[in-house]
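Peer 1: Now for the letters of each chain:
There are 2 protein chains.
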Amino acid sequence: MCEANAYLKDGENEVMFMESVDVIEPYENGLKLIDIFGMQKFIQAKIKDMTLLNHRIILEKIDSELVQIKLNIESSVT
Amino acid sequence: MCEANAYLKDGENEVMFMESVDVIEPYENGLKLIDIFGMQKFIQAKIKDMTLLNHRIILEKIDSELVQIKLNIESSVT
Numbered sequence: 021m022c023e024a025n026a027y028l029k030d031g032e033n034e035v036m037f038m039e040s041v042d043v044i045e046p047y048e049n050g051l052k053l054i055d056i057f058g059m060q061k062f063i064q065a066k067i068k069d070m071t072l073l074n075h076r077i078i079l080e081k082i083d084s085e086l087v088q089i090k091l092n093i094e095s096s097v098t
Numbered sequence: 021m022c023e024a025n026a027y028l029k030d031g032e033n034e035v036m037f038m039e040s041v042d043v044i045e046p047y048e049n050g051l052k053l054i055d056i057f058g059m060q061k062f063i064q065a066k067i068k069d070m071t072l073l074n075h076r077i078i079l080e081k082i083d084s085e086l087v088q089i090k091l092n093i094e095s096s097v098t
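If you read the sequences in order, they're chains A and B. Mind the numbering: the first sequence is residues 21 to 98 in the numbering used here, read in order. Mind the numbering: the second sequence is residues 21 to 98 in the numbering used here, read in order.
Next comes chain A alone, as it looks inside the complex (with noise of 0.2 Å):
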């Protein structure tokens, strides 16, 4: 099975988020990730990096003030 297990960084250290991810995608302001069972969960955050052969994602918040600027952004250029 070729799932991943994704961590949240915080400072130096990486805090397990969820196991078991198949499914990454863009939602609002973050990333929603759906485990093999099916299982979702939504995050504010960014990917920092990922290595699938070693079944890691590492994941970043996003700093909400500058998600707000960039959606005015995005909605005054599209």
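Please keep in mind that the hints were generated in silico from the structure rather than gathered at the bench. Among the hints, erroneous ones may be present.
Any copy, or any two copies together, can satisfy a pair, since identical chains are not distinguished.
To be verified - The calculated SDA-like cross-link candidates involving lysine to any residue, where the alpha carbons are at most 25 Å apart (straight line), are:
{"no.": "1", "residue 1": "68", "residue 2": "82"}
{"no.": "2", "residue 1": "52", "residue 2": "63"}
{"no.": "3", "residue 1": "29", "residue 2": "93"}
{"no.": "4", "residue 1": "68", "residue 2": "96"}
{"no.": "5", "residue 1": "68", "residue 2": "21"}
{"no.": "6", "residue 1": "29", "residue 2": "54"}
{"no.": "7", "residue 1": "81", "residue 2": "21"}
{"no.": "8", "residue 1": "29", "residue 2": "95"}
{"no.": "9", "residue 1": "81", "residue 2": "56"}
{"no.": "10", "residue 1": "61", "residue 2": "96"}
{"no.": "11", "residue 1": "29", "residue 2": "49"}
{"no.": "12", "residue 1": "61", "residue 2": "31"}
{"no.": "13", "residue 1": "81", "residue 2": "71"}
Only a predicted model underlies this, so the values are computations on that prediction, with no experimental measurement involved.
Dock chain B against the given chain A, drawing on the hints supplied.
Peer 2: Showing chain B alone in chain A's frame:
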């Protein structure tokens, strides 16, 4: 082996961009992909969705004008 194939979404089609991808990480305005042989590719794109059990990563090109505006905003915020 748990590598995945990366496809670039082009309208309704999905065009193979890189086979046997191991590592994905952000790089400048896009992504750096490294395959299981250590070959690197760069693309100005973001992850549209990813299903690890199906070994599929779908990439989507980023509008370069939008990227530039975001970069300007980020550098003025941070």
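Peer 1: It remains to establish, for every hint, whether it holds in the given structure.
Peer 2: Going through the hints against the structure:
Proximity of residue 68 and residue 82 under a CA criterion of 25 Å is satisfied in both settings, with 11 Å inside one chain copy and 18 Å between copies. Proximity of residue 52 and residue 63 under a CA criterion of 25 Å is satisfied in both settings, with 7 Å inside one chain copy and 23 Å between copies. For a Cα distance limit of 25 Å, the shortest separation of residue 29 from residue 93 across copies, 24 Å, qualifies, whereas the shortest one inside one copy, 27 Å, does not. In the homo-oligomer, the alpha carbons of residue 68 and residue 96 lie at most 25 Å apart only across protomers (22 Å), although the nearest pairing inside one protomer, at 27 Å, exceeds that limit.
For the homomeric pair residue 68 and residue 21, the shortest alpha-carbon distances inside one copy (23 Å) and between copies (22 Å) are both at most 25 Å. For a Cα distance limit of 25 Å, the shortest separation of residue 29 from residue 54 qualifies both inside one copy, at 19 Å, and across copies, at 21 Å. Taking CA atoms no more than 25 Å apart as the test, residue 81 paired with residue 21 passes in neither setting, with 27 Å inside one copy and 29 Å between copies. Taking the closest pair of Cα atoms, residue 29 and residue 95 come within 25 Å of each other only across two copies (22 Å); inside a single copy the shortest separation is 29 Å, beyond that limit.
Taking the shortest alpha-carbon separations for residue 81 and residue 56, only the intra-copy value of 23 Å comes in at or below 25 Å, while the best inter-copy value is 28 Å. Taking the shortest Cα distances, residue 61 and residue 96 never come within 25 Å of each other, neither inside one copy (30 Å) nor across copies (32 Å). Taking identical chains as interchangeable, the C-alpha atoms of residue 29 and residue 49 lie at most 25 Å apart whether they share a chain (17 Å) or sit on different chains (21 Å). Taking the shortest Cα distances, residue 61 and residue 31 sit within 25 Å of each other inside one copy (22 Å), while across copies they are farther apart (29 Å).
For the homomeric pair residue 81 and residue 71, the shortest alpha-carbon distances inside one copy (19 Å) and between copies (22 Å) are both at most 25 Å.
In this structure, the hints that do not hold are numbers 7 and 10, in rising order.
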